[in-house]
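There are 2 protein chains.
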Amino acid sequence: MSDAPKEIDALIDMMARLPGLGPRSARRAALHLIKKRGMLMKPLAEAMGAVADTARECLNCGNISTADICSICTSEKRRIGEICVVEDVADLWAMERAAVFKGRYHVLGGTLSALDQIGPEQLGIPKLIERVSSEEVTEVILALNATVDGQTTAHYIADQLEHRVRVTSLAQGVPIGGELDYLDDGTITAALRARKQV
Amino acid sequence: MSDAPKEIDALIDMMARLPGLGPRSARRAALHLIKKRGMLMKPLAEAMGAVADTARECLNCGNISTADICSICTSEKRRIGEICVVEDVADLWAMERAAVFKGRYHVLGGTLSALDQIGPEQLGIPKLIERVSSEEVTEVILALNATVDGQTTAHYIADQLEHRVRVTSLAQGVPIGGELDYLDDGTITAALRARKQV
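Going line by line, the protein sequences match chains U and W. Heads up, the first sequence is in full-length UniProt numbering, so the first residue is 1 and it goes up one at a time. Heads up, the second sequence is in full-length UniProt numbering, so the first residue is 1 and it goes up one at a time.
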């Protein structure tokens with residue numbers, strides 16, 4: 001409730017449902033938009049409407065795209081032998097920002113969870129296995145989050161793909177710029193176990 | 001940059017310009033919207049477009065409205081003798097949520113600032129003085145923020161309206177639920193000076 005006209009109240013209610021915005025910051029953001037209604041609000045509304053109409057999941061890998069098959073899956077510059085498995089499109093974007101991986105992706109859209117009744121089918125794991133069989137895949141790189149759920153899912157996928165293809169996962173260790181004093185015990189343990197000769 | 005299709009990148013860029021959202025949270029919010037594109041993104045785009053088309057400043061008080069004169073200024077239930085002066089529409093909404101003030105408002109849209117070259121004209125102070133003369137105003141309540149700029153502006157307005165109308169300002173003191181240990185010196189000083197007999 002902001003005691004604004006009901007159209008503006010409805011807008012604020014919807015904006016408050018965005019992650020990272022609560023009722024108060026939604027009011028602030030809405031007021032900011034109204035003050036810049038010509039320069040920002042109108043173009044933003046149009047951009048949002050356009051994306052809502054055109055965005056869809058890539059039928060092959062699950063990436064967000066404006067076409068049925070995303071630009072990474074159709075690119076001739078990407079190696080077709082490597083598939084990087086990520087939990088979410090945000091993780092795919094993070095990998096792309098690092099600009100180090102030149103293969104293609106498979107977006108799970110979550111992790112296995114008995115509590116939330118999310119099994120392999122909900123995550124497109126059968127589709128991943130099918131891709132490994134039908135495409136000329138030589139390596140599946142598991143880039144799942146280093147959380148309990150992420151690692152459980154990684155183990156499940158590794159089991160399923162055993163003997164079919166080489167399965168690797170991202171290295172765990174000290175992040176670049178990380179200070180030992182601020183790292184958790186698990187990270188230090190993992191880094192020590194995976195130590196390398198200099 | 002998110003390595004998303006360019007329509008989605010443009011959307012993220014615009015969302016990152018909202019107060020309270022940075023590049024990372026704009027990406028998260030955009031992904032959330034895309035996942036809920038039917039239920040949330042489409043209606044939000046429409047609500048935003050509708051507000052961008054209809055919202056405007058009330059010609060009388062500066063409140064955000066969908067009509068030339070806002071619902072508070074046209075309401076017959078509001079006392080016309082009292083004008084509450086606020087810096088911003090957000091402050092007007094905060095006053096309305098408290099639901100204690102039954103008069104009408106005057107929104108300055110900022111504070112006096114020599115650095116930013118904001119003088120009385122930019123804040124609609126002449127308009128306020130005109131309203132005090134032409135409407136049957138008996139009291140002007142200054143509800144400006146308790147900041148240096150807010151209080152400077154309050155003093156300026158009080159000077160301008162002296163001898164024309166009764167000018168009051170919000171009481172300063174301990175906020176309800178406030179603990180002395182967490183209050184700043186200025187608040188405690190103000191509360192002690194304005195102490196009342198029990």
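Keep in mind that the hints were calculated from the coordinates and are not lab data. Here the structure is a predicted model, which is why all the values come from computation and not from measurement. Where is the CB? At the ideal position from N, CA and C, for every residue including glycine. Do not take every clue at face value.
Stated by the list, open to error - Taking lysine-lysine and the PhoX-like style, the derived pairs with C-alpha atoms no more than 20 angstroms apart in a straight line are:
id: 1; chain 1: W; residue 1: K42; chain 2: W; residue 2: K6
id: 2; chain 1: U; residue 1: K77; chain 2: W; residue 2: K6
id: 3; chain 1: W; residue 1: K42; chain 2: U; residue 2: K42
id: 4; chain 1: U; residue 1: K77; chain 2: U; residue 2: K36
id: 5; chain 1: W; residue 1: K35; chain 2: W; residue 2: K6
id: 6; chain 1: U; residue 1: K77; chain 2: U; residue 2: K102
id: 7; chain 1: W; residue 1: K102; chain 2: W; residue 2: K77
id: 8; chain 1: U; residue 1: K6; chain 2: W; residue 2: K77
id: 9; chain 1: W; residue 1: K42; chain 2: U; residue 2: K6
id: 10; chain 1: U; residue 1: K42; chain 2: W; residue 2: K6
id: 11; chain 1: U; residue 1: K77; chain 2: U; residue 2: K35
Claimed, not checked - So the derived label-pair ranges between C-beta atoms look like this:
id: 12; chain 1: W; residue 1: D116; chain 2: U; residue 2: Y182; range: 35 to 43 angstroms
id: 13; chain 1: W; residue 1: E179; chain 2: U; residue 2: D181; range: 30 to 38 angstroms
id: 14; chain 1: U; residue 1: T74; chain 2: W; residue 2: D68; range: 20 to 28 angstroms
id: 15; chain 1: W; residue 1: E121; chain 2: U; residue 2: Y182; range: 25 to 33 angstroms
id: 16; chain 1: U; residue 1: D181; chain 2: W; residue 2: T147; range: 37 to 45 angstroms
id: 17; chain 1: W; residue 1: D116; chain 2: U; residue 2: D181; range: 38 to 46 angstroms
Hint check:
no., hint, in the structure
1, W:K42 / W:K6, "holds, 19 angstroms"
2, U:K77 / W:K6, "holds, 19 angstroms"
3, W:K42 / U:K42, "holds, 14 angstroms"
4, U:K77 / U:K36, "violated, 41 angstroms"
5, W:K35 / W:K6, "holds, 17 angstroms"
6, U:K77 / U:K102, "holds, 8 angstroms"
7, W:K102 / W:K77, "holds, 8 angstroms"
8, U:K6 / W:K77, "holds, 19 angstroms"
9, W:K42 / U:K6, "holds, 18 angstroms"
10, U:K42 / W:K6, "holds, 18 angstroms"
11, U:K77 / U:K35, "violated, 45 angstroms"
12, W:D116 / U:Y182: 35 to 43 angstroms, "holds, 40 angstroms"
13, W:E179 / U:D181: 30 to 38 angstroms, "holds, 34 angstroms"
14, U:T74 / W:D68: 20 to 28 angstroms, "violated, 53 angstroms"
15, W:E121 / U:Y182: 25 to 33 angstroms, "violated, 53 angstroms"
16, U:D181 / W:T147: 37 to 45 angstroms, "holds, 39 angstroms"
17, W:D116 / U:D181: 38 to 46 angstroms, "holds, 44 angstroms"
The structure does not agree with the numbered hints 4, 11, 14 and 15 stated previously, though it agrees with the rest.
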